[in-house]
Each structure stands twice: as structure tokens, then as C-alpha cells.
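The listed protein sequences correspond, in order, to chains A and B.
Just so it is clear: in the first sequence, position 117 is 117 by the numbering used here, and no numbers are missing.
Just so it is clear: in the second sequence, position 140 is 140 by the numbering used here, and no numbers are missing.
Mixed in with the good hints, there may be bad ones.
In silico SDA-like pairs for lysine to any residue, Cα to Cα no more than 20 Å straight-line [said to hold, decoys possible]:
1. B:K158 / B:R122
2. B:K137 / A:W4
3. B:K126 / B:L141
4. B:K137 / A:Q12
5. A:K315 / A:R93
6. A:K5 / B:K118
7. A:K193 / A:L46
8. B:K137 / A:L3
9. B:K137 / A:Q13
10. A:K5 / B:H115
11. B:K137 / A:K169
12. B:K118 / A:S2
13. B:K118 / A:W4
14. B:K126 / B:S100
15. A:K5 / A:G411
16. A:K5 / B:S135
17. B:K137 / A:R14
18. A:K5 / B:K158
19. A:K5 / B:A30
20. A:K169 / A:Q181
21. A:K5 / B:R113
22. B:K64 / B:A30
23. A:K5 / B:R122
24. A:K5 / B:K126
Hint data in this document are derived by calculation from the structure and do not stem from the laboratory.
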Amino acid sequence: MSLWKIAWRSIQQRAVASALTSFSMALGVALVVTVLVFFGVLYQSLHRGAEGYDLIVGPRGGTEQLVLNTVFYIGDPVGKLPYQFYKDLEEGRINKNVEAVIPVCMGHIYQGFRVIGTTPEIFDRLTYFGGQSYQFADGENFRAEDPFAAVAGAVAAKESGLRPGAKFKATHGTGQSAARQHEEEFTVTGVLKPTGTPVDRAIFVNMEGFYLIHAKKDQSSEGTEADGTKAAEHTSVPPAQQNSNSHNDDRLQQKAGSGGKADGDLPQPPSSHSTEHHSEACDLHDCQHHDQDDHREVSALLVVVPERPPGLVEKVAFELNNGTFDGVQVQAVVPGRVVASLFERFVGKLEAVLLVMAVLIVVVAGVGIMVSIYNSMSERRREIAIMRALGANRVTVMLVVLLESILLALGGGALGMLLGHGLVTALAPWIAQWTGIAVGLFQFRLVELLLIPGLIALASAVGYLPAVIAYRTDVAEALTANP
Amino acid sequence: MLELIDVRKSFQQPNGNQLPVLDIAEFRAAAGEQVVLVGRSGSGKTTLLHVIAGISRADSGRVKIDGWDITLLSEAERDRFRAEHIGYVFQTFNLLPGFSALENVLVAMRFARGHVDKARARQLLKRVGLEHRMSHKPPMLSVGEQQRVAVARALANKPRLLLADEPTASVDAANQQAILDLIRETCQEENVTLLLVTHAPEVAQQFPRIEYLEKFNRAVMKL
Chain A
1 MSLWKIAWRS
11 IQQRAVASAL
21 TSFSMALGVA
31 LVVTVLVFFG
41 VLYQSLHRGA
51 EGYDLIVGPR
61 GGTEQLVLNT
71 VFYIGDPVGK
81 LPYQFYKDLE
91 EGRINKNVEA
101 VIPVCMGHIY
111 QGFRVIGTTP
121 EIFDRLTYFG
131 GQSYQFADGE
141 NFRAEDPFAA
151 VAGAVAAKES
161 GLRPGAKFKA
171 THGTGQSAAR
181 QHEEEFTVTG
191 VLKPTGTPVD
201 RAIFVNMEGF
211 YLIHAKKDQS
221 SEGTEADGTK
231 AAEHTSVPPA
241 QQNSNSHNDD
251 RLQQKAGSGG
261 KADGDLPQPP
271 SSHSTEHHSE
281 ACDLHDCQHH
291 DQDDHREVSA
301 LLVVVPERPP
311 GLVEKVAFEL
321 NNGTFDGVQV
331 QAVVPGRVVA
341 SLFERFVGKL
351 EAVLLVMAVL
361 IVVVAGVGIM
371 VSIYNSMSER
381 RREIAIMRAL
391 GANRVTVMLV
401 VLLESILLAL
411 GGGALGMLLG
421 HGLVTALAPW
431 IAQWTGIAVG
441 LFQFRLVELL
451 LIPGLIALAS
461 AVGYLPAVIA
471 YRTDVAEALT
481 ANP
Chain B
1 MLELIDVRKS
11 FQQPNGNQLP
21 VLDIAEFRAA
31 AGEQVVLVGR
41 SGSGKTTLLH
51 VIAGISRADS
61 GRVKIDGWDI
71 TLLSEAERDR
81 FRAEHIGYVF
91 QTFNLLPGFS
101 ALENVLVAMR
111 FARGHVDKAR
121 ARQLLKRVGL
131 EHRMSHKPPM
141 LSVGEQQRVA
151 VARALANKPR
161 LLLADEPTAS
171 VDAANQQAIL
181 DLIRETCQEE
191 NVTLLLVTHA
201 PEVAQQFPRI
211 EYLEKFNRAV
221 MKL
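Chain B with its partners taken away, still in its complex shape (with noise of 0.2 Å):
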């Protein structure tokens, strides 16, 4: 479902200088797989997600999903094909704040279809337990409501592709392992492919999977 092949990334440095960030030989994911990245700050966790995303084009390389390589699209035919098959939970939530919890789901659709499906977002919002909070924009919410809102967003358009970026980082102890049971447990129920970078061993071992970026990155590897 997703694969990775001779992906590098470098970027420019202040003094002119390339640096480098990524460079994978190879990673696959396969359909509905939890996949669990560990790394160290600093280890292009988050680039590796942007490349994948198509938020950031690969320097070189292949990045397939679904059988179509993102890196041969335009940036609008990645926007679309990001809008379309790809969710996206952030580590700080990256709501629109005046927007709705309701509203920040029913933009994501509007990006992707053009139209929105009102009841799958009501579904949506329910199943992350915010029926109630529907209609609050996101300052009315505490930091463990917007994330929740962050993920029924990023499974909006029935991704095939969830990317979750560090997304319990931000949240309190309390609110974290209900959010991590959240996201695996959604993902599993649609079907969707998760890959979920994390730096804390205590998330990680939940997974079936666990990639650590400093054996395959081999940009990493170098420093």
C-alpha cells in the first residue's frame, strides 16, 4: 500500500550547504497495517511524514500509495490526491480555530469533494465522543477534545492513509492513551493504513510494528 524506495530529502542550509534529511532505500506499509516510526528529535520524522503526505516533494526517489507514485504529480494533483486519500492528525492539532469542531470536519470534505457529507462528520464526531461539542469552536475545547476533533477530521474523506505525527505529544498523560486507542481503533474499524511517528518507547511497544528511523534513514545513520 504505501512504499518507499531510494526517497532522500536535503535542505538548504543558511551557509549554502545541502543538508540532508532523509535517505530511505526502502520502507512498505501494507493495506490496514499499524505502523509505528520511532525517533529521536531531529531524525526527520516529520519530513519523512510531509514527503509521504506530498505536503514536501522527495529530492529523488519513489513514493508509491496505492500504486500511484505522488512524486510524478503537480503539487495541485498532490493537494487533491492528499485530500482525497490521505488524513493527517498533527502533533499540535492544527485546527482552524474559528472554526467548529463540526466545521473543521466539513472543511476537509469541502477540500476534498468539493461537498461535504454532514452525517458522516456528525458520525464521525460521535464516534471520537464529542457529540455534544459539535457546534464549539476549538478554544471551547480542552486539548484532549481538539485532538479528538483532529482525528475525526483526518478520517473525513475515508483516507486509505492515515499519517499521525507525534499526536499525544501535546495531549496530558490522562488524555494520551485514550487518543492513541482512539486513533488504532478508528483506523482499524475503516480499514485505513496508519503510520504513526512517535519518540516515546511507551506508545511505541503498542504496536505490532516498530520502524526505528535511525536503522533505515540512513541520512541519520551518518550523523
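Bound-form chain A, shown alone (with noise of 0.2 Å):
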């Protein structure tokens, strides 16, 4: 018979108080679970979106801004980056230690959903998450050839209702700044599968697509549009770059103005949209490539560095962040570590907070073990004192009341972290829906085993004034006493 089992059957004696005691001390571990669970869950659902590529490349501006804005598509972007810019990174010219380059375009949403202009490379080059390769839940990738055709994210595609076939029209701007929609229509081709990253809860579209409506639309009102997302897609370029490209602009605004938009780097003119885009792309590859170039702009670009050798990523960053292409300035930033950064400086104060919290619960409910086994030690006496009788010397009563503490402690962890799973598990739909990751009743954060070695150090001094009165115990006395 061991001493952990005579410290049960003290339990067992005081059945009631000792389960009031250890389901206090559950209902503090559960809230410590939750927590943990809750903020691993958010920790690692940023850090998907910010996988699968190595830099962001933006220009100069805030950084954090650009990598909220790029992965989490939340904020406007910090300003645009010349399209030739982008042309000469993907092919080289600028870095050769590029694997692949993705265009991001902002500025436009669709039912409160941001409409994201890029290239299918997107989908087909790039992964999120541990490698993992984009798939579609129903219908495919869009197609570089087809401008106006676009792939939903798993919940945007839910909650808009958009499914392959559908067709939509954006909006120019992003939240409140949405102002006026756009005649072209985009047509859904494909819907991604749940990522549990930012994707899902955004719309892809062919970046040509955005030079094309654009170009229609500088067409129809030959300038400045009343929504200032022109404004800020030419403006927000450093004073420097604006300069420099000034001319850029007033060539867009006659070219816009004397017959719309060309875009020299469509492969092949639009075959499945209206004749009005056909005959507009068309009219594009009359003009000269490179002029059209100098007029396209993009708000960031996702970049890929081949894996080897080590710290090629962080060479490439400081080559971009040190140089200057043709009076482009830009900054290239790693997104993993400002996530991170913005992790720790916002929601990790907020988890150190609550967490803060719980461990407050899970002591006060520990003190209660104290006053529960303390308040018991009047009518243990006598129990004491007969094993003593028996032979038990001090440190073995002591020991069996401590015993005692760790049991209630640790039975009232093992149960609050079956209630904390299992209250995150119960939560698991909602937190699919708002983050993507399926959360199981057994997802434990490595951090949550130290609340082993805690409970134990907890009950430990807890226990330890109910120890010492039964360690005092005088046998003779206690003996001689009326039952």
C-alpha cells in the first residue's frame, strides 16, 4: 500500500469538499488551457499567412504596415511599386537569387471581401503552411490568358455566395472607402479549399484584369477618380519615384484618354469575357509593351529565394533594402519575423495578461485546497495519530498530507484540461470559420505540460501548513482525546 494511496483514501473520506476543491482548481486550469489554446491558435494562424514565400517586397514605407497589408490584407497598402520594378526582379535583372515572384494589387473588395490582383502563380507556385499546395474545392486556378476570370477564398466564397461561373463586380477602394463599383464583371473560376490563412477570406483576380478596368475607367473619366484610390496608387510612390515618374503618369492619361489602356504582357487576348474586354485588350497589344509597363503599378510583390545556401534570404533583403533600380527605393522584409514581432508586441502582452489571470485562479483555487485540507485537520488528528501509532514517524504523516494536496491539485488539473479542450473543441466550428485551423479535442501547446510541475510546486506549498500541523501532531495527546 502506498503513501499515494493512503493520501486517496483521505480524499475519498471527504468526498464532497475534496471534489468542491479540485473542481475549483479545474475551472482555473481550464480557463489556463483555453488561453494557451486560444493564442496558439491565433499565433499560428498568423504565421500561415506569412508562409510559403520568403520577403515581401514593398516600397519604402512602414513595414509593418506592408506586411499587414500583403498578408493580411488589412489596412491600406504603403504605396506602389513601378510594374517594370516587379518585370525586372521576376526576371532577374535586378537580383538572381529570385526564385519567384508574385504581384499583389490592392484596392478593390467585393462584399466586404478584398479583391486581391495577382498572377495564378500565386496558387501554383507558392504553398502556405508547412509546404502545403493551395487546392480547390471546386473548379480550378484562373489563368494568366484570362484577364477578368478570378478564384474565391474558402470563407469569402461561402459567405458572398460566390461559387465557379459566378460573376461579380468590384469596388474601388478597401472598407469605408469603397465608393463606386466597376461595369466589368470577373468571373469565379475555381474555389480554394480552407487554408486557415488570410487567403480564405479574400478574391483573387487577374492582375491583368485590374490594368484593364482601370484603363476603361481613366478612359471614361480621363483623370483623377473621385474614390482617391488613383490618387493613392500614384501618390503614395515616394516623392522620389513620383518624380521620376511623372511622366509615366501623363503618358497613362493621354494614352487612357486617346483609346484605352494597352497591356503588352497578356499572352493571348481575352477569349471568354464580353467583347467590350476583348476588343480593349486588343486595342492593349497595339500599344509598345514597355510603355505600358512604365504605367502598370503593383502594392507589393511575394518573393522566393531558393533555399540554399543558408542566409541567401537575408542577402537578397539587404541587397533590395540597400539598393536603388532606377529610382525605385523599396524595402524588402521578412514576414515570419514581423509577424512575430507584431505577435509579441500586441497579442502576446494580451496573453500575458490572461494568462496572468488564470494563473491567479488557478493559486486561488489552490489556497482553497489549503483551506479544505487545513479545516480538516482538526478532525484528522485522531487519523494522524493512529498512524503514528502504527509507526508512520513525522515526515510520513507530513508526506501523506501532501500527497494529499498534489492529488486534489493535480485530479483538478487533469479535469480542467479536459473541460479547457473540450471547450475549445466545442468552439472549434467558430474558430474554423474565423481562422481556418481545425482545432481537436487533443491539440495541446507544449507550454500546457509545464502546468504539471506547476500544480505539483502549487500543491506542494499549499499543503505544506496542513503538513506541518500533522507533522506537530502530539500522538499521546491526539490519542487520549474523545473521538
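Mind docking these for me? Both chains are given alone in their own frames, and the hints should help you get the complex.
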């Protein structure tokens, strides 16, 4: 018969009080577990979006704004990069250590979801969270030669009702600033499977379509846009770049006014859209490629760098950050680091505050265990004296009380972990909807293992006082006292 | 086997004065001997057993058991000595209420040796007639059955000395003789020295050796 069993029998003796104190510990631990798992999911969710590429390259400006806008589609772009810079980087004229470059163009929404202009390579070439490839739940990726094709993220598709074949019109602007709806319709070619990344909540269109609707818009309005988006697209380029590109803007205005914006980058004329679109694309072909590229802009670039040699990402970032490319200065950031920094600065502090509160609740529950055992000591004096009379020494009876405290704490802790994970599992459908991350009953965070030594230490601390009382019990006096 | 020489024990009263309870010049019991100590209430019977068991420490004098002077042992050593060499049957049984009959016997083994001998525990409970009540906890046992468990527990570690403090005082009349016979027979079977205290003459007269505390406890004689 072990001392654990002897302690367990003592707990059974006071089943109701023991259960209540253990349950209070369970509630505290459940709260700790819930906070840990919840923030773990949040952290994972944030990091997932920043995986699959090595660098984000954007105009000089706020690093965090660049990452928030490019990775999470939050806020406005820092500015714009000339399209030619994208092409030069992609084709290795700026840096030979670049494996792939995916452009990202912001500035439109549909039913509250960001509409991102990009190339099909974003889903063909990039991966997410641990190297997983993007998969389509329905339909397929859009094709480069189809400028008005689109792909919807899982949540965006579900909430906006978009499915393959559906058409939609993007609205210029973002969020509150969204003002004017474009006439041109994009057609959905595919819906992505959930990824647990911000991609789920976005709609991706062929970047060429973006340029075409702007060309048409410019054609009709001949200049400045009422919603200010165009202003943002152009004036957010740093002043030096604006000056150097000002002639390009003029040329863009002139071209738009004289018959539409050309797009020499379209490999083939669009074939599956309206006659208007088709003729517009044909007009674009009439223009010179380089001239067109001078007027196009992108919000940011997602850059993939070869894995070897180690440190190449930092080298490429350094070179981009410290160079001037045809008058253009850019910033290149490693998204994971910025996300980690953002998490630590904002979410991490909230997690710490909630964890401290939850741990305080656990400590209070621990004090409850102490009070429960302490209150039982007067009625247990005889029991302890009997053990002593049977040969148990002072340390042994002290150990029995400490073990009792530890059992109550660990029992409550185990129940709390089940409750916490049960709660998270019950909330799993909502968490999956918000973050795309499927949370299971046994999705543990390693840090949860600290609860075991933590609870043992707490139980030892709170059990010490009653254990000392047991230690000091006068056997003869307790045995001769009336039972 | 048991030897007490000039053993004194007193307790401090609330007014600060010392109250002598034991003052025994000499007392001896041979191995396997069965001795009954008779004394009225307050004559120091329980205190004497506590001193012999090492539960209380004598103020002075020597208490030797099998050649070991337990007054020279530390408290922890006395605890261990008591667990290994002395069995104790209390007037109020003092069973652990949360433990079954079998566990009450096993727990005594655990404290004495660090391990248990379930076969012996079962055998002892069978010997005291409780083979069908081993898994029952004390509240589910009759008073007589509880005292039987207490006897089995006292013999669990094969003690050399069994101290019995009015073991039949809390037992109904029908069970008194049975308990007494059980204690004496098992002690005889296991060659255990028995020192039983009682205030009941009908119990005392069954023993071959009767000692009256009033006659050899000078603390009582002075009262």
C-alpha cells in the first residue's frame, strides 16, 4: 500500500469537499488551457498567412503596414511599386537570387472581402503553412490569358455566395472608402479549400483585369478618380519615384484618353469575356509593351528565394533594402519576423495578461485546497495519531498530507485540461470559420506540460501548512482525546 | 523481555505545576508472558502503555524491550521500533475509517516495513473470523468486528510485545470474552508478550499474572 493510496483514501473520506476544491482547481486550469490553446491558434493563424514565400517587397514606408496589408489584407498599401520593377525583379535583372516573384495589387473589395489582383502563380507556385499546396474545393485556378477570371477563398466564397461561373463586380477602394463599382465583371473559375490563412477571406483576380478596368475607367473619366484610389496608387509612391515617374503618369493619362490602356503583357487576347473586354485587350496589344509597363503599378511583391545557401534570404533582403533600382527604392522584409514581432507586441501582451489572470485563479483554487485540508486537520488529528501509533513517523504523515494536496491539484488539473480542451473543441466550428484552423480535443501546446510541475509546486506550497500541522500532531494527546 | 527501571512521567498542569503520573521503580515481563495491569481510572494505565510503546517519552528511567532501551532512541527511531516490535490494541479500536479491514492491516505493515504482506494480512483476518468482511470499512463493521480487526492489525508485523489498552471496554458483553480469548490465543500462537491493562476484575482474573498499578506505581500511591 503506497502513500499515494493512503492519501487517496483520505480524499475519499471527504469526497464532497475534495471534489469541490478539485473542481475549483479544474476551472482555473481550464481557463489557463483555453487561453493557451486560443492564443496558440491565433499565433498559428497569423504565421500561416506569412508562410510560403521568403520576402515581401514593397515601397519604402511602414514595415508593419506592408506586412499587415500584404499578408492579412488589413489597411491600405504603403504605396505602389512600378510594374517594371516587378518585371525586372522577376526576370533576374535586379537580383539573380530570386526564384519567383508574385505581384499583389490592392484597392478593391467585393461584399467586404478584399479583391486582390495577382497572377495564377500565387496558387500554382506558392504554398502555405508547412509547404501545403493550395487546393481547389470547386473549379480551378484562373488562367493568365483570361484577365477577368477570379478565384475565391473558402470563407469569402461561402459568405458571398461565389462559386465557379459566378460573376461579380469589384468596388473601388477598401472598407469604408469603397465608393464606386466598376462595370466590368469578373468570373469565378474556382473556390479554394480552407487554408486557415487570410487567403480564405479574400478574392483573387487576374491582375491584368485590374489594369484593364482602370484603363477603361481612365478612358471614361479622363483623369482623377473620385474615390481617391488612383491618387493613392500613384501619389503613395515616394516623392523621388513620383518625380521620376511623373512622365509615366502623363503618358498614362494621354493613352487612356486616346483610346484605352494597352497591355503588352497579355500573352493572348482574352477570349471568354465580353466583346468590350476583348476589344479593350486587343487595343492594348496595339501599344508598346514597355510603355505600358511604365504605367502599371503593384502594391507589393511576394518573393521566393532558393533554400540554399543558408542566409540567402537575408542577403537578398539586404541588397534590395540598400539599393536603388532605376530611381526606385524598396523595402524587403521577412514576413515571419514581422508577424512574430507584431504578435509579441500586441497579442503577446494580451495573452500574458490573460494568462496571469488565469494563473491567479489557479492560485486561488490552490488556496482553496489549503483551506479545505487545513479545516479537516482538526478532525484528522486522531487519524494522524493512529498512523503515528502504527509506526508512521512525522515525515511520513506530513508526506501523506502533501500527497493529498498534490492529488487534489493534479486531479483538478487533469479535469481542467479536459474541460479546457473540451471548451475549445466545442468552439472549434467557430474557430475554424474565423481562422480556418481545425482544433481538436487533443490539440495540446507544449507549454501546457508546465502545468504539471506548476500544479505540483503549488500543491506542495499550499499543502505545506496543513502538512506541518500533521507533523506537529501530539500522538499521545490526540489518541487520548475523545473520538 | 520488557524491563522498566525508575520510570517517571509527569504532565504540566494549567497552573504550571507538574503532576506526577508514573513513578515505577521496577517492572519486568518475560518473553511470551501474559500480564494484566489493573488500575482504576486515572491511575496512569494508558500513560504507562504510551511510555512503553514509545509514543510518549519518560521523563527519566529506562524502558527496555528485548534489550533495546527505547528511552535512548530518537523519536523517529522509536516510531520505527514501535512499528516493527510492538503491537497496540486501543480501547476505542482506532481503525482508520477510510480504509477497509484488510487495508487497516496492510497500512500497519506499510509503516513498519515499507511493503505489505497481503497473504499474512488475509490470514490474520481469517484467524479473527473476518474472512468475509475484509473489504468492509469500519463503519460497516460491528463493534466486536472492529476490535477483531484491531487485534489483527496489532499482530500484522509479528510484534514481540502486544500492548492492549482496555480492549474489551468498548465491546458489548457478548463479545468481551471472545475478544479477550482471541487476544490471548493469538499472542500464545505467535509467542508474543502480552501486557493488557484493565479496570475490570473479571478480565484480570483470567490472567496468570496480575499487577495492580496502585501497588507499584509510586505516583499513584502518593495520591
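- So which of those numbered hints doesn't the model satisfy? 11, 18, 19 and 24
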